[in-house]
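S.K.: Sequence:
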Amino acid sequence: MFKKVGLYYRTIKHLKPIQIRYRLWYIFRDKFRNLTGHTYPLSIPKEGNSLNLIEGCPSSVICRPSSKAFTFLNQPHTFEETIDWNVSKYGKLWAYNLNYFEYLRQPDLTKEEGLKLIREFIDQIESNREGLEPYPISLRGINWIVFLSEHNIKEKEIDASLYGQYQILLDNLEYHLLGNHLLENGCSLLFGACYFQDKELYEKAEQILGNQLEEQILDDGGHFERSTMYHCILLERLMDCYNLMESNSLKKSDGLKEKLATKIRLMLGWLDKMTIDCRPGTEDGEELFVNGPPSSIKEPPLFNDGAKDVAPSPEELFVYAERLEVKARSVQLSESGYRKFSTERFNLICDVGEVGPDYQPGHAHSDTFSFVLYMDGKPVIIDPGISTYENSARRQQERSTAFHNTVQYRDKEQSEVWSGFRVGRRARVEVKAENDKELIAAHDGYRPWRITHERKWVVEEGYICIKDRLVGKEGAAGRFYVHFHPSLLGELSVEDNCIKVGVIDIEFESADKIKKYSYDCPNGYNQYIKAPKIEVQFVSELESRISLNIEDEML
249 MFKKVGLYYR
259 TIKHLKPIQI
269 RYRLWYIFRD
279 KFRNLTGHTY
289 PLSIPKEGNS
299 LNLIEGCPSS
309 VICRPSSKAF
319 TFLNQPHTFE
329 ETIDWNVSKY
339 GKLWAYNLNY
349 FEYLRQPDLT
359 KEEGLKLIRE
369 FIDQIESNRE
379 GLEPYPISLR
389 GINWIVFLSE
399 HNIKEKEIDA
409 SLYGQYQILL
419 DNLEYHLLGN
429 HLLENGCSLL
439 FGACYFQDKE
449 LYEKAEQILG
459 NQLEEQILDD
469 GGHFERSTMY
479 HCILLERLMD
489 CYNLMESNSL
499 KKSDGLKEKL
509 ATKIRLMLGW
519 LDKMTIDCRP
529 GTEDGEELFV
539 NGPPSSIKEP
549 PLFNDGAKDV
559 APSPEELFVY
569 AERLEVKARS
579 VQLSESGYRK
589 FSTERFNLIC
599 DVGEVGPDYQ
609 PGHAHSDTFS
619 FVLYMDGKPV
629 IIDPGISTYE
639 NSARRQQERS
649 TAFHNTVQYR
659 DKEQSEVWSG
669 FRVGRRARVE
679 VKAENDKELI
689 AAHDGYRPWR
699 ITHERKWVVE
709 EGYICIKDRL
719 VGKEGAAGRF
729 YVHFHPSLLG
739 ELSVEDNCIK
749 VGVIDIEFES
759 ADKIKKYSYD
769 CPNGYNQYIK
779 APKIEVQFVS
789 ELESRISLNI
799 EDEML
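Under this note's numbering, the first residue of the sequence shown carries the number 249, and numbering increases by one thereafter.
Among the clues, some could well be false.
Here are the in silico distance ranges between beta carbons for each label pair [unchecked claim]: (1) K447 to E360: 30 to 36 Å; (2) E360 to I266: 53 to 59 Å; (3) E708 to W273: 53 to 59 Å; (4) F280 to E506: 25 to 31 Å; (5) Q645 to P265: 31 to 37 Å; (6) K447 to F280: 50 to 56 Å; (7) S590 to K715: 16 to 22 Å.
Since the hints were derived computationally from the structure, they do not count as laboratory data. The beta-carbon is built from N, C-alpha and C at its ideal position, and this holds for glycine as well.
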């Protein structure tokens, strides 16, 4: 009982007052409305106007709506008759994706197919619970407007339904969540304002975007939820908004348009800094990727919540930026908490950031001081990413300390991740020293046990050295976990206190025991590939030296 109260306190105390206020307001308002029988008007007459838009990123969703066959999160489903917009068989996120209508952006989707889906949605809207939540309304609103504009469709029934949905969104903005949800609300309101030439929608969109762009896009260009996947998703969305404002006349738009352009340039610069140039063209490169070469040759690591084939690829985003004539701004990684070191052969990206944002850590993991390593553009040590958002043991595992390339004290968590999207106690980080070859940082995530974890990276041309110390208690038992790319499953061997993986040697000084086993590496949502993992047990201090074995390379 007391443990649970403490967990709730450590979670709730970080919330902003506006989140608590709106959460309570929505709860009591909804209870009152249920008693009074309140319903929203689902059709409000309002004429829409087709918009001019430059071509954006292609849709990653491949569905066959004509046969009512949909695949989301790598889970296919075919509806026998009418579409069940509240389908619960595959979890809430699957139903959300069905209601987003991103499939309207498929290049081979016909006008007639799209209209049929929109009309079927409108016919069943009264019974649609999932689709009338604010986040699906936000994404669907943009996708409908893009589709209607592309095909120059003018139908009073569709416009009236869409305008009714925007009024529901306006009354349920996600101030209780904030973060990327509120930013998506604001972007969608901007599209609705332009499509309907609506002053109220525009003023609210301008207010939300003006505040949230400053709050959510950090000075180094990273999105403040510190997920490369969400960074790419929101970068595309902000480019969509800039596209909208650049291609259509909007009163009082210049200030917001310039702010969008400034943030987009920073975000492009951050993405360029965080991506690794992969080289799948050679024979060795093709063998490395067990499911074939990647669709993108610029690959961002999957720090925090991130899954394959969800967000647009870096190439698609950079091409979109070229069409918009917006250029990336050179940035130095700092506020987002990441650092990148590059030598002729190695690329190393380290995470020395806080769990963040403090008031909305739903996509954060217990991964402080984790890192990824590439050699010659090929992934060696990876962040496994995620495979689910369902509140489950799998979700808990994928957010845990032991699922990242960092040190765990005994069986404790650096940060108290729980219930799918919650974090209680958080590791606080101090960066003690850094230059172009060295990074030293410490975190206090183990403070209930009077332990501080300090990690030092030293990067030279031929090797990388990682020094870990558990400070504060004599004889502190630690475990250093390392997750390797699936292609290396048959290439990893343990010899004394050394790991050999391909032409790379990893030597561990002061290791007590090294365990090698395989793990289920997420390969997108609900898919896995076996991959090698090691656990290095030590007491108080451990030095790990990663180097190239020149003799093996010459064989």
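S.K.: Next, verify each hint and record whether it holds.
M.R.: How the hints compare with the structure:
no.	hint	result
1	K447 to E360: 30 to 36 Å	34 Å, holds
2	E360 to I266: 53 to 59 Å	45 Å, violated
3	E708 to W273: 53 to 59 Å	57 Å, holds
4	F280 to E506: 25 to 31 Å	42 Å, violated
5	Q645 to P265: 31 to 37 Å	34 Å, holds
6	K447 to F280: 50 to 56 Å	29 Å, violated
7	S590 to K715: 16 to 22 Å	20 Å, holds
Violated hints, listed in ascending order, are 2, 4, 6; each of the other numbered hints is respected by the structure.
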